[in-house]
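Asker: Listed here are the chains, written in short residue letters.
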Amino acid sequence: MAVGRDEKKVTDDLEIFSADNLQSNMKIIYYSRTFLSIISGVIAGILGLTGLTGFIFYFLVMAITSVGLMAKANFSVHAYFTSWNQIIVDGFLSGLMSFVLFWTFAYDIVHIF
Amino acid sequence: MMNLGFTIGVLGVLILSHAAYSTIQYRGLLKIVEEEFSGPPMTVVLELLFGLVLCLWAALSVPGKFISIHPDSDDNRIVSLPDNLDFMIFNHRGKVLQPDTGMKLKC
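The listed protein sequences derive, respectively, from chains Z and U.
Using the numbering used here, you'd call the opening residue of the first sequence number 1 and step up by one each time.
Using the numbering used here, you'd call the opening residue of the second sequence number 1 and step up by one each time.
If you are wondering where the hints come from, they were derived from the structure by calculation, not from laboratory data.
Check the hints yourself; a few may be wrong.
As the list claims (entries may be wrong) - Computed, partial: chain U to chain Z, Cβ under 10 Å:
#1 24
#2 39
#3 42
#4 60
#5 68
#6 94
As the list claims (entries may be wrong) - Distance condition first, Cα-Cα at most 25 Å in a straight line; then the derived DSS-like pairs of lysine-lysine:
#7 Z/27 <-> U/31
#8 Z/72 <-> Z/27
#9 U/31 <-> Z/72
Said to hold, decoys possible - Derived DEER-like restraints, expressed as beta-carbon distance ranges:
#10 Z/31 <-> U/41: 25 to 35 Å
#11 Z/19 <-> U/25: 45 to 55 Å
#12 U/11 <-> Z/101: 42 to 52 Å
Glycine included, each C-beta is placed from N, C-alpha and C at the ideal position.
From just these sequences and the hints, can you work out the full model?
Answerer: What follows is the structure, given as structure tokens:
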């Protein structure tokens, strides 16, 4: 019985974390991704990328961003986040929207007008 | 540190807009010599890469540092006491039921 209680205590300890700090970390990641999706959209527009190449460029930049964020967290993800997905996957789709917006915007300014 | 990152970000955006302006001029030149556009010149590509690196730096440094989510790490110490301390009474019957919060007080 005592052993079972100890095990339960260990798992409880693992799940305790500061939700405020987690939210603040998520907000930092969200800011970084949004800014970089805008910047990568502008760059893709200036380069004159069209079609699939632009989306490949976006995923490339976001992969670089993920690596940069992991380096910022000193590669010890579990001290700052609950799972790897939060640092690698979160914010991809919302960033994609701003990417497409600024991609077409920069492309129009540079190549069409 | 934050100010430096912000300055670098502004510099990166300025470099990107200069690259866009150069590309516009290059398109005008191509129109005069009547050639097809197959991509911006090498200098502009290098400039774009440089601007991307600067903006990457800014995006990673400006929003602030990550804070540890572990309850017993140094980031989560209580550094200030609440303002209504005078109204708090600790000498009551509840003190026999000591809660086990595990928080650390910074002296």
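Asker: Compare the structure with each hint and give your call.
Answerer: Each hint, compared with the structure:
For residue 24 of chain U, the interface hint holds, the least distance from its beta-carbon to any beta-carbon of chain Z being 6 Å, beneath 10 Å. Hint status for residue 39 of chain U: holds, given a least beta-carbon distance of 7 Å to chain Z, under 10 Å. Here the hint on residue 42 of chain U is broken, as its CB sits about 12 Å from the closest CB of chain Z, past 10 Å. For residue 60 of chain U, the interface hint holds, the least distance from its beta-carbon to any beta-carbon of chain Z being 5 Å, beneath 10 Å.
Because the beta carbon of residue 68 of chain U sits about 5 Å from the nearest beta carbon in chain Z, less than 10 Å, this interface hint is met. Hint on residue 94 of chain U is violated. Least Cβ distance to chain Z is approximately 23 Å, over the 10 Å limit. Restraint check: the Cα-Cα separation between residue 27 of chain Z and residue 31 of chain U comes to about 46 Å, which exceeds 25 Å; the hinted pair is violated. Simply put, residue 72 of chain Z and residue 27 of chain Z have alpha-carbon atoms about 14 Å apart, close enough for the 25 Å limit, and the pair holds.
With a C-alpha separation of about 46 Å, the suggested pair residue 31 of chain U and residue 72 of chain Z falls outside the 25 Å cut-off, and the hint is violated. Here the CB-CB span from residue 31 of chain Z to residue 41 of chain U is close to 33 Å, well matched to the stated 25 to 35 Å. Evaluation of the 45 to 55 Å hint for residue 19 of chain Z and residue 25 of chain U yields a pass: the beta carbon distance comes to about 52 Å. In this structure the hint that residue 11 of chain U and residue 101 of chain Z lie 42 to 52 Å apart at CB is violated, the actual value being about 24 Å.
In this structure, the hints that do not hold are numbers 3, 6, 7, 9 and 12, in rising order.
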